[in-house]
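**Student:** Numbering of the sequence shown is given in full-length UniProt numbering, commencing with residue 1 and proceeding in unit increments.
No lab work stands behind these hints, which were simulated from the structure alone. Hints may be right or wrong, so weigh each one.
[What the hints assert, rightly or not] Below are the DSSO-like pairs computed for lysine-lysine, each with C-alpha atoms no more than 27 angstroms apart in a straight line:
#  : residue 1 : residue 2
1  : Lys194    : Lys289
2  : Lys457    : Lys60
3  : Lys289    : Lys167
4  : Lys358    : Lys457
5  : Lys327    : Lys457
6  : Lys457    : Lys289
7  : Lys194    : Lys60
8  : Lys457    : Lys406
9  : Lys406    : Lys358
10 : Lys457    : Lys396
11 : Lys167    : Lys406
[To be verified] Label pairs and their calculated CB-CB ranges:
#  : residue 1 : residue 2 : range
12 : Asn216    : Glu160    : 50 to 60 angstroms
13 : Pro271    : Pro415    : 33 to 43 angstroms
14 : Gln325    : Ala50     : 41 to 51 angstroms
15 : Pro415    : Lys289    : 11 to 21 angstroms
Note that the structure is a prediction, hence the values are computed from the model and not measured. Glycine is no exception: its CB is placed at the ideal position from the N, C-alpha and C atoms.
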Amino acid sequence: MEFLVHNISHSDLVVELSWLREDGAAASSNGATVPTARQPVASVDVDDAAVPLSVLGRPKFSLFQQTSQHILERVQQLRHPKREANQPTHAAAVLSVSDGTETPSLLHPTLLDIGNTPGERWKACCHDTQSPIGFNLADAPIPMSNDQLLTDFQLRGEVETTRLVEKHWDRVGITAVYFPLVALLLPKWTQVLKEFQSEGSRQLVYLISGAGIPRNVEHSHSGNSTEITAQLIVLFVHQYYPDMTAIQVHSGSNIFRFDDNVQFMTRELRPLLETHRETLVDRCGEAWKSHFHVTIAYADGPPARLSALNASLRMYRPSYLHIWQLKTFWHERKLSMADVDFHSFENIEASPLVTPSKADALTQMIVREMRKFRDQFLAAEGEGEVAGFWLRKSRKPVLAVLLIEKPAAELGGRPTIVVQRGMNCEVSMPTGSLCAERNAIGSALASDPTLTRRALKMIAVLGLNLTAGGNSSSVTSPTASEDTGDDAKRKEPSQGASFDKTASTSTAPAELHVVEAANPQVLSVRVRPAAVQSSLSSAATNNSTVAARAGRGRGRGRGKRELETKNANLTSPRKPKRPRTFSFDEVAEWLVKIAEANPSFRVVTFENSRCRNVYINQIM
Numbered sequence: 001m002e003f004l005v006h007n008i009s010h011s012d013l014v015v016e017l018s019w020l021r022e023d024g025a026a027a028s029s030n031g032a033t034v035p036t037a038r039q040p041v042a043s044v045d046v047d048d049a050a051v052p053l054s055v056l057g058r059p060k061f062s063l064f065q066q067t068s069q070h071i072l073e074r075v076q077q078l079r080h081p082k083r084e085a086n087q088p089t090h091a092a093a094v095l096s097v098s099d100g101t102e103t104p105s106l107l108h109p110t111l112l113d114i115g116n117t118p119g120e121r122w123k124a125c126c127h128d129t130q131s132p133i134g135f136n137l138a139d140a141p142i143p144m145s146n147d148q149l150l151t152d153f154q155l156r157g158e159v160e161t162t163r164l165v166e167k168h169w170d171r172v173g174i175t176a177v178y179f180p181l182v183a184l185l186l187p188k189w190t191q192v193l194k195e196f197q198s199e200g201s202r203q204l205v206y207l208i209s210g211a212g213i214p215r216n217v218e219h220s221h222s223g224n225s226t227e228i229t230a231q232l233i234v235l236f237v238h239q240y241y242p243d244m245t246a247i248q249v250h251s252g253s254n255i256f257r258f259d260d261n262v263q264f265m266t267r268e269l270r271p272l273l274e275t276h277r278e279t280l281v282d283r284c285g286e287a288w289k290s291h292f293h294v295t296i297a298y299a300d301g302p303p304a305r306l307s308a309l310n311a312s313l314r315m316y317r318p319s320y321l322h323i324w325q326l327k328t329f330w331h332e333r334k335l336s337m338a339d340v341d342f343h344s345f346e347n348i349e350a351s352p353l354v355t356p357s358k359a360d361a362l363t364q365m366i367v368r369e370m371r372k373f374r375d376q377f378l379a380a381e382g383e384g385e386v387a388g389f390w391l392r393k394s395r396k397p398v399l400a401v402l403l404i405e406k407p408a409a410e411l412g413g414r415p416t417i418v419v420q421r422g423m424n425c426e427v428s429m430p431t432g433s434l435c436a437e438r439n440a441i442g443s444a445l446a447s448d449p450t451l452t453r454r455a456l457k458m459i460a461v462l463g464l465n466l467t468a469g470g471n472s473s474s475v476t477s478p479t480a481s482e483d484t485g486d487d488a489k490r491k492e493p494s495q496g497a498s499f500d501k502t503a504s505t506s507t508a509p510a511e512l513h514v515v516e517a518a519n520p521q522v523l524s525v526r527v528r529p530a531a532v533q534s535s536l537s538s539a540a541t542n543n544s545t546v547a548a549r550a551g552r553g554r555g556r557g558r559g560k561r562e563l564e565t566k567n568a569n570l571t572s573p574r575k576p577k578r579p580r581t582f583s584f585d586e587v588a589e590w591l592v593k594i595a596e597a598n599p600s601f602r603v604v605t606f607e608n609s610r611c612r613n614v615y616i617n618q619i620m
């Protein structure tokens, strides 16, 4: 199941106000498309002045629900007209956008290839460069007086535009209603689902509406409500996106108060999601998380509303669609996909994906140690009992590298860096498993009983997959070509129990003495010569896309690497799963206890098993 949660605000509704002339110029100026920057709004010359035939407008704050109610009644009338069957209605507004050659950031029509039912013109059909954005009411405009136009709406345009409208427009009507934020969110969400191979999942759109207490005590408390607007958007989703289910959840008044929003989210919104979650648990068991994904739309709304929404759904580790330009349609009459950004939960949590070469010296060191550990583990796969005994249940090896900085034995001496490895074991499931992180920490303490928590600097965690059958496979080590720039200059030897290391950055000591603690026998890894490697087929990466939807980490790889055999660990998916930092409460508790005495303790996880990009998380 895929969930999109969007808070409806006053930015979600824009109306087109037209001059209803006797010659019908207003209706023809609207037609089936909306004027764009390349196709300006139609106007007529009156007394040597270019009077616009239509302008965009927004209802005033306390008249928002009243205007939405009039529009809803007219839309419902057009949806179910009392006409003959051979007289179809024209109630579909579409947005004309530029082609990709001139402005590639605009909506691409293939994202909204909606079919057209014969005899039903309500649904928009995407013809090359047209995308749905609202409803066209030109067949039956909502009439209003000139005084209402100036007092009830905020008009788009300069002061001169308002003056011309006030002077010349005698008959005014609402001829179209647009939903610029939803019209941008839904195709972007569709694109994201397609990239993660989840377009076939059930898609539910939760539209949250509400009202705030107005500053003017004489105004109605429900006058600014977005409840009716949400109902209009439900109709919009139903007409243009039949595969999606739109659900409105209304919170009532007081959306500006944090406490009221928290109660609404926890008592009304979250129970609806929990109902779907329980259905998945009954159907999928422990695998329900891989089928339950929440995306929050960060668009417009009171800070208390958005904060409460984010806090209440944080337990689901949601992704985010952030519309950082809210008024592109208001100013330019166009939609731009560049106005909305997708962010994974990890990026919003302020731990963006970084390359090791841009990190500090200790992080670069632990990444190199993890690459060596990974290469040696994969080279030895099938030679022991890892698949047959130690990991026979899950067949999911997890590698951990713990970096320890011991103070210098003598005053003025160099600190010693100790590297301790660990991996998970599942010897007997009834008695519990041993995770990689605790294995590394316990082994480090066993090697040095004087170890303190302040000496533990960071721990790196990498998840792998055993190949089918657990047979030994020759793999090409990515380490040879993964270290570039400064990384390549400081590349460590693949063998040797201890060595001196010189690495300097602005945040690291000038010299570090590095020792691998309890280092097992180093296994040789065969590296394919560059001349042979360049001639390999890239088909080895084709099978990796199966796991692309399993996680929500959104980092992209920097290229493809050909392997001697199809090893799933080294054929990175286009949208790889972010390995866990810690999936058990016991592990989290261990790391929290270490961070209490050592707040600078960090956890390093990887974009994928290639270890080209890392996430650096600080526990506290």
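**Student:** Look at each hint and say if it fits the structure.
**Tutor:** Structure-based check of all given hints:
no., hint, in the structure
1, Lys194 x Lys289, "holds (19 angstroms)"
2, Lys457 x Lys60, "violated (57 angstroms)"
3, Lys289 x Lys167, "violated (61 angstroms)"
4, Lys358 x Lys457, "holds (18 angstroms)"
5, Lys327 x Lys457, "violated (46 angstroms)"
6, Lys457 x Lys289, "violated (32 angstroms)"
7, Lys194 x Lys60, "violated (38 angstroms)"
8, Lys457 x Lys406, "holds (10 angstroms)"
9, Lys406 x Lys358, "holds (25 angstroms)"
10, Lys457 x Lys396, "holds (26 angstroms)"
11, Lys167 x Lys406, "violated (82 angstroms)"
12, Asn216 x Glu160: 50 to 60 angstroms, "violated (30 angstroms)"
13, Pro271 x Pro415: 33 to 43 angstroms, "violated (53 angstroms)"
14, Gln325 x Ala50: 41 to 51 angstroms, "violated (28 angstroms)"
15, Pro415 x Lys289: 11 to 21 angstroms, "violated (41 angstroms)"
Of the numbered hints stated above, those contradicted by the structure are hints 2, 3, 5, 6, 7, 11, 12, 13, 14, 15, listed in ascending order.
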